[in-house]
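Q: Numbering (numbering that gives the first Met the number 0), first residue to last: 0 to 148.
These aren't lab readings, by the way, just hints derived from the structure by calculation. Hints should not be assumed to be uniformly reliable.
To be verified - What follows is a set of in silico ranges between Cβ atoms, one per label pair, in the way DEER data are often shown:
1. ALA126 / VAL34: 28 to 34 Å
2. GLU21 / ARG142: 29 to 35 Å
3. PRO119 / GLU54: 17 to 23 Å
4. SER71 / ARG91: 22 to 28 Å
5. PRO68 / ALA31: 28 to 34 Å
6. LEU70 / ARG129: 36 to 42 Å
7. GLN37 / PRO143: 33 to 39 Å
8. GLN37 / GLY132: 30 to 36 Å
9. PRO17 / ARG145: 34 to 40 Å
As the list claims (entries may be wrong) - Okay, derived cross-link-like pairs now, EDC-like style, lysine to aspartate or glutamate, Cα gap no bigger than 16 Å in a straight line:
10. LYS146 / ASP111
11. LYS146 / ASP112
12. LYS99 / ASP111
13. LYS99 / GLU40
14. LYS99 / ASP112
Here a beta-carbon is modelled for each residue, glycine too, at the ideal position from N, C-alpha and C.
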Amino acid sequence: MGRRYGLEIRTATPADAPGLAEMLLNAGHPVAASVLAQRLETLRHQTGTALLALEWGPPSGIVVLHWYPALSSDAPVAQITTLLVAPDDRRRGIGRQLLKSASQAARMAGCDDLQCLTAPDAPTLEAFCRATGFQDAAGGFVRPLRKKG
């Protein structure tokens with residue numbers, strides 16, 4: 000999707016599974032590379048995307064985004080179900096770049112709002128959401144993708 004200062008954001012593919020598995024393991028979320036490869040392949044054929052942040056080595060971060068129709072809105076709802084930056088790569092703007100790319104993908108899918116699901120034990124993600132313009136909502140946070148006027 001783009002490059003900034005040596006950082007590339009692009010769609011994750013099954014070939015990225017080994018590096019992604021290592022990043023997830025280091026962040027305390029172990030998943031086998033073979034399982035990740037299958038999940039990434041399945042996601043490619045659904046209404047959603049997984050975007051990777053890469054520099055010169057293994058992945059630095061990932062955002063997984065899904066969109067779907069809802070009764071509460073004329074436009075599809077976009078939902079971030081995973082947003083993770085490798086512990087050693089945090090505080091360098093990678094999360095913001097992933098969020099920007101996810102927002103762009105959601106707008107292209109016709110979505111008006113972006114939700115971010117958070118676990119109750121994720122204070123770092125909660126602080127990040129608040130710092131990037133999200134408002135508290137049931138089960139997580141939400142922010143508009145377009146200016147409302």
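Q: Now, for every hint given, state plainly whether the structure supports it.
A: Results for each hint:
A hinted range of 28 to 34 Å holds for the C-beta pair ALA126 and VAL34, which are about 30 Å apart. For GLU21 and ARG142, the hinted distance range of 29 to 35 Å is satisfied, since their beta carbons lie about 31 Å from each other. Remark: the range hint 17 to 23 Å for PRO119 to GLU54 is contradicted by a beta-carbon distance near 31 Å. At roughly 36 Å, the beta carbons of SER71 and ARG91 sit outside the given window of 22 to 28 Å.
A hinted range of 28 to 34 Å for the beta carbons of PRO68 and ALA31 is consistent with their spacing of about 33 Å. Our hint of 36 to 42 Å for LEU70 and ARG129 is violated, since their Cβ atoms are close to 28 Å apart. The given range of 33 to 39 Å is respected by GLN37 and PRO143, whose C-beta atoms sit roughly 34 Å from each other. Between GLN37 and GLY132 the beta carbons are some 34 Å apart, a value that agrees with the proposed interval 30 to 36 Å.
At about 38 Å, the beta-carbon gap between PRO17 and ARG145 stays in the expected band of 34 to 40 Å. With a CA separation close to 9 Å, the supplied pair LYS146 and ASP111 stays within the 16 Å bound. Between the alpha carbons of LYS146 and ASP112 the distance comes to roughly 10 Å, so the proposed pair stays at or under 16 Å and holds. A threshold of 16 Å between alpha carbons decides the hint, and for LYS99 with ASP111 the separation of about 14 Å falls inside it, so the pair holds.
A hinted pair counts as satisfied when its Cα atoms are at most 16 Å apart, and LYS99 with GLU40 does not qualify at roughly 23 Å. Proposed proximity of LYS99 and ASP112 is supported: the alpha carbons are some 13 Å apart, at most 16 Å.
This entry does not satisfy hints 3, 4, 6 and 13, going by the numbered hints stated previously.
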